[in-house]
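Asker: Next come the chains, spelled out residue by residue.
2 protein chains.
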Amino acid sequence: MRFEEIAKRVKSASIKTASLSSDIKKNILYTIAEALQKNSEIIFKANEKDLNENKDKVSQSVYNRLKLDENKMRDMISGIKDVAELEDIIGKVLLKRELDEGLVLKKITCPIGVLGIIFEARPDVIAQIISLAVKSGNAVILKGGKESLNTNKEIFNVIKTALKQFNEYPDDAIVQIFTHDDVNEMLKCSKYIDLIIPRGGNKLVKFIKENTQIPVLGHEAGICHIFLDKTADFDMSVKIITDSKTQYPSACNSVETLLIHKDFENSDKLLKALEINGITLDHKPEQWDYEHGDKTLAYKYVEDMNEAINHINTYGSGHTDCIITDDNNNAELFKKQVDSAGVYHNVSTRFADGFRYGFGAEVGISTNKTHARGPVGIDGLTIYKYELEGNGQTVKEYVTGEKQFHHKDLI
Amino acid sequence: MRFEEIAKRVKSASIKTASLSSDIKKNILYTIAEALQKNSEIIFKANEKDLNENKDKVSQSVYNRLKLDENKMRDMISGIKDVAELEDIIGKVLLKRELDEGLVLKKITCPIGVLGIIFEARPDVIAQIISLAVKSGNAVILKGGKESLNTNKEIFNVIKTALKQFNEYPDDAIVQIFTHDDVNEMLKCSKYIDLIIPRGGNKLVKFIKENTQIPVLGHEAGICHIFLDKTADFDMSVKIITDSKTQYPSACNSVETLLIHKDFENSDKLLKALEINGITLDHKPEQWDYEHGDKTLAYKYVEDMNEAINHINTYGSGHTDCIITDDNNNAELFKKQVDSAGVYHNVSTRFADGFRYGFGAEVGISTNKTHARGPVGIDGLTIYKYELEGNGQTVKEYVTGEKQFHHKDLI
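So the protein sequences, as listed, match chains A and B.
Under my numbering, think of the first position of the first sequence as 2, with each following residue one higher.
Under my numbering, think of the first position of the second sequence as 2, with each following residue one higher.
Please note that the accuracy of each hint is not assured.
Identical copies carry no separate label here, and so any pair may be met within one copy or between two of them.
Straight-line C-alpha distance at most 16 Å; calculated EDC-like pairs for lysine to aspartate or glutamate [as the list claims (entries may be wrong)]:
hint, residue 1, residue 2
1, K93, E333
2, K240, E398
3, K108, E333
4, K189, E211
5, K337, E388
6, K337, E390
7, K108, D354
8, K17, E308
9, K97, E390
10, K296, E186
11, K107, D354
12, K337, E169
13, K107, E333
14, K337, E308
15, K17, E333
16, K39, E333
17, K68, E54
18, K397, D354
Read the hints as simulated data drawn from the structure, not as lab findings.
Fair warning: this is a prediction, and the values are worked out from it, not measured in the lab.
Full structure from sequences and hints, please.
Answerer: As structure tokens, then:
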């Protein structure tokens, strides 16, 4: 089948998933969780096949991500149950306003429609994405990494089979595609696909952003900064910088650049302490907008906070940036003037995460300036529509002045 | 100056406008209104020049839109004062959550950053846009239509001169550009421009959407529908359809297609009544997704509501669609399953408008499925950032289990 035909069917299915009741969606999610539990042996077998086929082709870290063990399976299943228990975010009345007598406007949350989700090695992501799609009433087209092909197919089949018992749930609402050609078609298909979410490395995200006119939710790079003000506490600084750089260096919310106020005392002592903690310092990086992905930290002395803010707004990626200071006025100014999704005071940049923020589920982290910014919870998969209810009103009467709007909010 | 250099300065200015106080912004807007009042004679003269230069080149309707008379000037000035009086939408705390003791997350509204606004003939739009930008703390790059060049320049100069008394307001926050080359550069400049808003015809919007990777807020077409259910009231139907088609036929929220349930009685009588009211009926349109812009109305009989909904979701533009029915169950289903920004029951499609919805100011009408949908008020020019305040917390303690998040909402 041509991709466009598939996409058209998914779009059509999305109209049905949009009006599923909260109870049905919850029920579906528990059924999916149960089916995965029951069929875990088949899924492990498929995963073994992927591991065997790829063990000589991929790095150890990719291999580890590819491997689906008992622990990951358990987390995957409990993750689906967590999503099932989230409050339904669809059908919420955001505004109810009487425009005039008998003319009532409601603004109501609804699904975005069709999501296109492209993800890399981790096979447990597929179940997470499907559960978020079901809960939010969106339809979804999935493209997984080729390394986890067998595992993805098996998880997908188990879920699709479980979904068959629900007549209300349209078969085309969840579709998997496999080829690069299909991905290229998907990126062109703005007529039927409403949002693309890439879950993978910078290269993937960059490629997608440059090759589609469909809105993309995600981030290319995480160039996070810490500015050490002159009044920064020494011990706190060592602790925060070490955590931000070393706790998980390949994460997007790890710090890449340290900006030190020229009047900060003990900066030599600080740099030594960081080296002792395993950090490799780089005073002359080739470029300031580089994501190391390891324990390398670029650093630079600045004249004042203003220079630090300018540096961050110039070289940063708008992800997460932190000031360490005892001066609350400076902290306020920094948080106002740094144009990033996360502006932190005296805490590790590693907190930028949907689960740590208490969102229950994370769709991704966005450095966009529209729709959703920062860690995005399931509400990032929603938009709203306006319902207007009347009894024959026409605009003419309001233009001639025969009638007037009174705009009375009812909630 | 190269366009990129200009855009860089505007971006830098946007950091300053983001933290202006509510009082200053209000003060600035009243000062602008006063300055326009004082200098209205100079502006009228510039407008006369535009009218003289273009009277043989443009249609009567463009000429009318181009003409700035006393009434439009008065509306323009009172519009600025209205925006001044709107509640400040920046700095609102949307969420305040204690993640753990002494670790507090806030989600706070902020401006998007730099807006690129491209508008056609109406010169009064420039003052409206500048007032919305000032109020929302965004910086803005403006490109007006060539027909209103002299008027735009004069209004712009009056406003810029008025702004000079405010030291806090950066000179680069509002910039006007004039050439198509600059527009093309702007569309490429995703590094410094965060949102493009085209205010003009379909061709303009289509061109922009196809030529930029910057998010675009707007709509290409307004293909609005009315579905006449079998239980529709006859008189109400005539009244609503007539208003939706004839009250202002070139508006995007005018109806283009009437879908009639095959069991609706008196459909012949209805069509005759519509013709008497000045509507030209078209039973065999070449295409169903055509925006007439005049009093032509395409129509079609459908088997049932399902066919109507499918027709709307296939050929509509997701703008505004209406059902006329006495059957509330059908109305509910229609509103749920029609995937449009506005879903109406028993009212004219012409109500789709920011002022009629009581938004105080209208940025545009969006058919996007992300960020802002339908008539967009000034809050469509905002996004949010996350502030995290702590006293040295690191992620390590939470990963090892030494500490746990408790996620306590404080508002």
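Asker: Now look at each hint and say whether the structure bears it out.
Answerer: Tested hints:
1. K93 with E333: Between copies, since 15 Å is at most 16 Å while 34 Å is not.
2. K240 with E398: Close across copies (11 Å), not inside one copy (67 Å); limit 16 Å.
3. K108 with E333: between (34 Å within a copy, 14 Å between copies)
4. K189 with E211: The answer is both: 11 Å in one copy and 11 Å across copies each meet 16 Å.
5. K337 with E388: Classified as between: cross-chain Cα gap 9 Å, same-chain 36 Å, threshold 16 Å.
6. K337 with E390: between (41 Å within a copy, 13 Å between copies)
7. K108 with D354: between (29 Å within a copy, 14 Å between copies)
8. K17 with E308: Intra 53 Å, inter 14 Å, cutoff 16 Å: inter-copy only.
9. K97 with E390: within (11 Å within a copy, 35 Å between copies)
10. K296 with E186: Classified as neither; 39 Å inside a copy, 38 Å across copies.
11. K107 with D354: between (33 Å within a copy, 14 Å between copies)
12. K337 with E169: Between. Shortest inter-copy distance 15 Å satisfies the 16 Å Cα cut-off; intra-copy 48 Å does not.
13. K107 with E333: Only across copies: K107 and E333 sit 13 Å apart there, 37 Å inside one copy, limit 16 Å.
14. K337 with E308: within (15 Å within a copy, 52 Å between copies)
15. K17 with E333: Between copies only: 14 Å across chains, 47 Å inside a chain, cut-off 16 Å.
16. K39 with E333: neither (53 Å within a copy, 39 Å between copies)
17. K68 with E54: within (12 Å within a copy, 72 Å between copies)
18. K397 with D354: Only across copies: K397 and D354 sit 14 Å apart there, 51 Å inside one copy, limit 16 Å.
The structure fails to meet hints 10, 16 from the earlier list, while all remaining hints are met.
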